[in-house]
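**Q** Sequence:
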Amino acid sequence: MTITHSHHLNNRRLIKSTASAAAVCVENLGWWKTAVNEIQSWPEYTCQPLRALPNAANSLGVGNIFVKDESKRFGDSLGSFKALGAPYAVFSILADEVFRQTGVRPSSTELRSGKHAAVTRNVTVCVATDGNQGRGLAYGAKIFGYRCVDYIHSHYEESVRRAREDAHMNGWHFVSSTSWSDFDESIPETVMNAYMVVVEETLQMLPCVGDITHVFVCGGVGSIAAAVFMGLYKHFQELQGLGYSVQIPRFVVIEPNQADCLLQSAKAGEIRQSYGSLRTLMAGLAGRGPSPAAWKVLEWLASDFISVSDSFAVDGMRFLAEGCEGDIPVVCGESSAASMGLLLNSSSNKALRKALGLDEHSHCLLFGLEGATDPQIYEELVGCTPETVFEVQKKFLATQIESLLIILTLVVIFLQQRIFPDYWSDNFISYQSICDPPLD
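In full-length UniProt numbering, the protein residues as written are 1 to 440.
Please note that a few of the clues may not be correct.
As a list, the in silico DSBU-like pairs of lysine-lysine whose alpha-carbon atoms are at most 30 Å apart [to be verified]:
#1 Lys142 to Lys72
#2 Lys115 to Lys142
#3 Lys16 to Lys267
#4 Lys267 to Lys234
#5 Lys267 to Lys350
#6 Lys354 to Lys16
#7 Lys33 to Lys72
#8 Lys72 to Lys394
#9 Lys354 to Lys267
#10 Lys234 to Lys16
#11 Lys33 to Lys234
#12 Lys33 to Lys16
#13 Lys115 to Lys33
#14 Lys33 to Lys142
#15 Lys234 to Lys354
#16 Lys395 to Lys72
#17 Lys72 to Lys234
Listed next, with one range per pair, are the computed distances between beta-carbon atoms [unchecked claim]:
#18 Leu410 to Ala117: 55 to 61 Å
#19 Ser59 to Val392: 17 to 23 Å
#20 Asn170 to Gly103: 23 to 29 Å
#21 Ser41 to Leu410: 35 to 41 Å
#22 Ser348 to Cys384: 21 to 27 Å
#23 Ala117 to Leu415: 55 to 61 Å
#24 Arg112 to Ala23: 33 to 39 Å
#25 Thr102 to Pro43: 20 to 26 Å
#26 Gly171 to Thr399: 52 to 58 Å
Hints in this document: simulated from the structure, not taken from any laboratory.
Backbone N, C-alpha and C define an ideal beta-carbon position, used for all residues, glycine too.
Take these sequences, add in the hints, and give me the full structure.
**A** Spelled out as structure tokens, the structure:
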């Protein structure tokens, strides 16, 4: 029998020892406000939407489902949260290098203008990638003016090995969301700080943050999950400090069963590598081992670790693209859709539903952290192009705007009738006539 998922409940969550172990990492993440403010000042920056899926929630037997949609982060060609981490990390590297050589710390605007090109053009940065991280680094090279080298291999771990070796040999900077003792260990924290943009946007758009009971994030080496959980945990702590009666949500990490380093580490109570083949459709999550910095945060904050088969990702991609019973369709890539697939499968699996504590009162927050980063694979798996889904999405939003304008018009008429009743008795327009089609 094929095992489709494996679940581990973290009994070390929020205990004193894991909190102490994570303390240094938490302190390093304290600079996330600086990162958020910097990135939000970039001319390309646009807040990415939060999608409410009420019909999906009703169909799956939960109270609410929200999906943070990163499918157009810095445009369709990037379309991933990873477009935040690498460019911001390199901005920090370049600013440090300019300061080291000139004694002046430049702004991002000055770096963009080429004012310090004599320094930046001699800087080379490399990254190991399955695609998204490399695109982010190339985007940073385009706007800040440095040389970048992307390493892409059939196995991500081989890309990492080669990139590290060449960086050592050539004196390059190696950007990674995983910390390495032989490289600048501040870079992973810098990357995670940049990921906090996703959290900040989510908190600004959620209609009632305190109602959220479950948060689902796909794993990989753990950096984005750690950033999301840390940001949300701090916010819930602040709400509790203000006297609100809110509970910390369950923080659920999902990863491929062939790249389950976080699940294995949670079971062992210490960092462990995955025993799987790393051959998974969810290539962006195919890490052999966790980032040490991220792991300390996850061991402290994550409530559940679950590994799933590739079918969960495909199910999630298709379900989101279809738009359940009138919900807005969402483009979500294979490395980020497994959380939706997990909810979908839990609706017909009582044991899984019980293990995750899901019921009709659950309010679920999912992070769709990439779009169709490989349009060909997306079309093969979903059955339509991402452009088709985006077009339906566009029409859906246009209809919503039209409906809102009608409602606003009716409200204005109602108020005017109350304020100027004599005028309206002489110039009669009924609510019904606003909505009636014209007579032939």
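**Q** The structure should be examined with respect to each hint, and the outcome stated for every one.
**A** Going down the list of hints, with the structure as the test:
1. A distance of roughly 18 Å separates the Cα atoms of Lys142 and Lys72; the hinted pair therefore holds under the 30 Å criterion.
2. At roughly 15 Å between alpha-carbon atoms, Lys115 and Lys142 fall within 30 Å of each other, so this suggested pair holds.
3. Note on Lys16 and Lys267: the hinted pairing holds, with a Cα-Cα distance of about 18 Å set against a maximum of 30 Å.
4. With a CA separation close to 26 Å, the supplied pair Lys267 and Lys234 stays within the 30 Å bound.
5. Straight-line distance between C-alpha atoms of Lys267 and Lys350 comes to about 23 Å, which keeps the hinted pair within the 30 Å bound.
6. Among the hinted pairs, Lys354 with Lys16 is consistent with the structure: their alpha-carbon atoms are about 27 Å apart, no more than 30 Å.
7. Simply put, Lys33 and Lys72 have alpha-carbon atoms about 23 Å apart, close enough for the 30 Å limit, and the pair holds.
8. Pair hint Lys72 plus Lys394 holds up; C-alpha atoms about 13 Å apart against a cutoff of 30 Å.
9. A distance of roughly 20 Å separates the Cα atoms of Lys354 and Lys267; the hinted pair therefore holds under the 30 Å criterion.
10. Proposed proximity of Lys234 and Lys16 is supported: the alpha carbons are some 16 Å apart, at most 30 Å.
11. Proximity of Lys33 to Lys234 is assessed by CA-CA distance (about 13 Å); at most 30 Å being required, the pair is judged to hold.
12. Of the pairs offered as hints, the one joining Lys33 and Lys16 holds, with about 26 Å between alpha carbons and a cut-off of 30 Å not exceeded.
13. Distance hint between Lys115 and Lys33 is fulfilled; the C-alpha atoms sit about 26 Å from each other, no more than 30 Å.
14. For a cut-off of 30 Å, the pair hint linking Lys33 to Lys142 stands: about 25 Å separates their Cα positions.
15. Distance restraint check for Lys234 and Lys354: the Cα-Cα separation of roughly 27 Å lies within the 30 Å cut-off, and the hinted pair is therefore satisfied.
16. At roughly 17 Å between alpha-carbon atoms, Lys395 and Lys72 fall within 30 Å of each other, so this suggested pair holds.
17. Under the criterion of a C-alpha separation no larger than 30 Å, the hint pairing Lys72 with Lys234 is consistent with the structure, at around 27 Å.
18. For the pair Leu410 and Ala117, the supplied restraint of 55 to 61 Å holds, since their beta-carbon distance comes to about 58 Å.
19. Restraint check, Ser59 to Val392: a C-beta distance of roughly 18 Å satisfies the suggested window 17 to 23 Å.
20. Take Asn170 and Gly103: their Cβ atoms lie about 26 Å apart, and the range 23 to 29 Å holds.
21. Checked against the hint of 35 to 41 Å, the pair Ser41 and Leu410 passes, with Cβ atoms roughly 40 Å apart.
22. Hint check: Ser348 to Cys384, Cβ distance near 25 Å, so the stated range 21 to 27 Å holds.
23. In this structure the hint that Ala117 and Leu415 lie 55 to 61 Å apart at CB holds, the actual value being about 58 Å.
24. Under the hint 33 to 39 Å, the C-beta atoms of Arg112 and Ala23, about 36 Å apart, fit the expected range.
25. Checking the proposed 20 to 26 Å range against Thr102 and Pro43 shows it holds: the Cβ atoms sit about 25 Å from each other.
26. With their beta carbons about 56 Å apart, Gly171 and Thr399 fall inside the hinted range of 52 to 58 Å.
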